[in-house]
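Protein sequence lines correspond, in order, to chains A and B. The first sequence lines up with residues 1 to 127 when you count with this note's numbering. The second sequence lines up with residues 1 to 169 when you count with this note's numbering.
Please keep in mind that the hints were generated in silico from the structure rather than gathered at the bench. Worth double-checking, as some hints may not be accurate.
Simulated crosslink set (DSS-like; lysine-lysine; CA at most 25 angstroms straight-line) [claimed, not checked]:
1. A/Lys79 to B/Lys115
2. B/Lys119 to A/Lys94
3. A/Lys94 to B/Lys169
4. A/Lys79 to B/Lys169
5. B/Lys116 to A/Lys80
6. A/Lys5 to A/Lys16
7. A/Lys123 to B/Lys94
8. B/Lys40 to A/Lys123
9. A/Lys16 to A/Lys40
10. B/Lys11 to A/Lys123
11. B/Lys119 to A/Lys40
12. B/Lys38 to B/Lys119
13. A/Lys123 to B/Lys78
14. A/Lys86 to B/Lys119
15. B/Lys116 to A/Lys79
16. B/Lys115 to A/Lys94
17. A/Lys40 to A/Lys79
Over 12 angstroms on every C-beta distance to chain A, these chain B residues come out as not near it, computed from the model [stated by the list, open to error]:
18. Thr20
19. Phe33
20. Gly97
21. Glu104
Values in this document were obtained by computation on a predicted structure and should not be read as measured data. Beta carbons are placed, not taken as given, at the ideal position from N, Cα and C, and that holds for glycine.
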Amino acid sequence: MESIKIEGTPKTPTVKFDSLSGVLVIRGRSIPENSIDFYKPLIDWLDSYAEVTGEGLTLNMELEYFNTSSSKCILDVFKKLENISKQGTNVSVKWHYEEDDEDMLEAGEDYDAIIDIAFEMVKVEEI
Amino acid sequence: MERKNIMLSFKGEMSAELLTSILQIIENKLDLFGESLKVKKRMFNIMVECLQNLHHHITQPAKDAGKELPSVIVMVAKNVTGYSIITGNFVQDKEVGDLQNRLEEINSMDQDQIKKLYKSVLAEGKISEKGGGGLGMIDIARKSGEKLDFGFIPFGEEKSFFSLNVKVK
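The shape of chain A in the complex, shown without the other chains (with noise of 0.2 angstroms):
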């Protein structure tokens, strides 16, 4: 499987999968005006992966903030790993929170009980 890299703006976040390991990151702010228009090629991307079974697949989600039209295009990356994991492909998600931001704890919680891969949380001190 390819890599891919995008780089992060201040309303888009770093987007990079190292195919060595298996590591897909979503790091920084998530704030686009439209959002479909960032999230597209991801999701195509995940389509793809969906193809090639067998290798497994970490998401490591780091947002610092997300606007809510980023907050459904965000579940339907998850969508597409759930697929991926319904194909027998290992899925992982593991949702990172700066301490006390509670609110971000709770967004991951929430997608959490929609998508049926069980999400790690992971407190850390700063994103």
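Given the structure of chain A, go ahead and fit chain B onto it with the hints provided.
Coordinates of chain B only, in the frame set by chain A:
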């Protein structure tokens, strides 16, 4: 509200660039005040939603005799109990009923109900053309933890001025 407590006030046209600048100004001021991470994040989140609402849902009244009316207002103020994020924009009269019903429904709910509503809209809702998916106001109410303070002033030309005051503690 005393004048000295106004952190930012703006009247004019909203743009993506301006939105970024406003967020930066408020972030810097909250840092200066030594605000907690939780308050800073809540302010930032609510401001993003309020400002992007303005950006997406602007209805401008027709210009009369070359006189351009201001499109939106934004004011952020610090008061004794916390902060107020006040926004105002024109909406079509025909949109007022729906918007008012939605806001009143949210205001009738407690925090647990708002959280459940957020989750169900997220899980089932579809993204609207404007990308919001109807989550914006619910998220604002959830992060604010206070009732939404809003009003509509009929303006004529089938337009009303919609104002929203979101409190953050």
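Hints and how they fare:
Note on A/Lys79 and B/Lys115: the hinted pairing holds, with a Cα-Cα distance of about 21 angstroms set against a maximum of 25 angstroms. Taking the CA atoms of B/Lys119 and A/Lys94, the gap is near 20 angstroms; set against the 25 angstroms cutoff, the hint holds. For the hint linking A/Lys94 to B/Lys169, the alpha-carbon distance of about 30 angstroms lies beyond 25 angstroms, and the restraint is violated. This hinted pair does not check out: A/Lys79 and B/Lys169 have alpha carbons roughly 35 angstroms apart, beyond 25 angstroms.
For the given pair, B/Lys116 sits about 23 angstroms from A/Lys80 by alpha-carbon distance, which is consistent with the 25 angstroms threshold. With a C-alpha separation of about 4 angstroms, the suggested pairing of A/Lys5 with A/Lys16 holds against the 25 angstroms cut-off. Restraint check for A/Lys123 and B/Lys94: not satisfied, since their Cα atoms lie roughly 46 angstroms apart, outside the 25 angstroms limit. A threshold of 25 angstroms between alpha carbons decides the hint, and for B/Lys40 with A/Lys123 the separation of about 18 angstroms falls inside it, so the pair holds.
At roughly 15 angstroms between alpha-carbon atoms, A/Lys16 and A/Lys40 fall within 25 angstroms of each other, so this suggested pair holds. Distance restraint check for B/Lys11 and A/Lys123: the Cα-Cα separation of roughly 40 angstroms exceeds the 25 angstroms cut-off, and the hinted pair is therefore not satisfied. Between the alpha carbons of B/Lys119 and A/Lys40 the distance comes to roughly 22 angstroms, so the proposed pair stays at or under 25 angstroms and holds. For the given pair, B/Lys38 sits about 21 angstroms from B/Lys119 by alpha-carbon distance, which is consistent with the 25 angstroms threshold.
Using a Cα cut-off of 25 angstroms, the hinted pair A/Lys123 and B/Lys78 is violated, with the two alpha carbons roughly 30 angstroms apart. The suggested pairing of A/Lys86 with B/Lys119 holds, with an alpha-carbon distance near 23 angstroms, which does not exceed 25 angstroms. Restraint check for B/Lys116 and A/Lys79: satisfied, since their Cα atoms lie roughly 20 angstroms apart, inside the 25 angstroms limit. Our distance criterion of 25 angstroms between C-alpha atoms is met by B/Lys115 and A/Lys94, whose separation comes to about 22 angstroms.
For the given pair, A/Lys40 sits about 13 angstroms from A/Lys79 by alpha-carbon distance, which is consistent with the 25 angstroms threshold. With a closest Cβ-Cβ approach of about 6 angstroms to chain A, B/Thr20 is found to fall inside the 12 angstroms limit, against its non-interface label. Residue-level check passed: B/Phe33 sits 17 angstroms from the nearest beta carbon of chain A, beyond 12 angstroms. The Cβ of B/Gly97 sits about 22 angstroms from the closest Cβ of chain A, beyond the 12 angstroms cut-off, so the non-interface label holds.
Every Cβ of chain A is farther than 12 angstroms from the Cβ of B/Glu104; the closest lies at roughly 20 angstroms, confirming the non-interface assignment.
The structure shown violates the earlier hints numbered 3, 4, 7, 10, 13 and 18.
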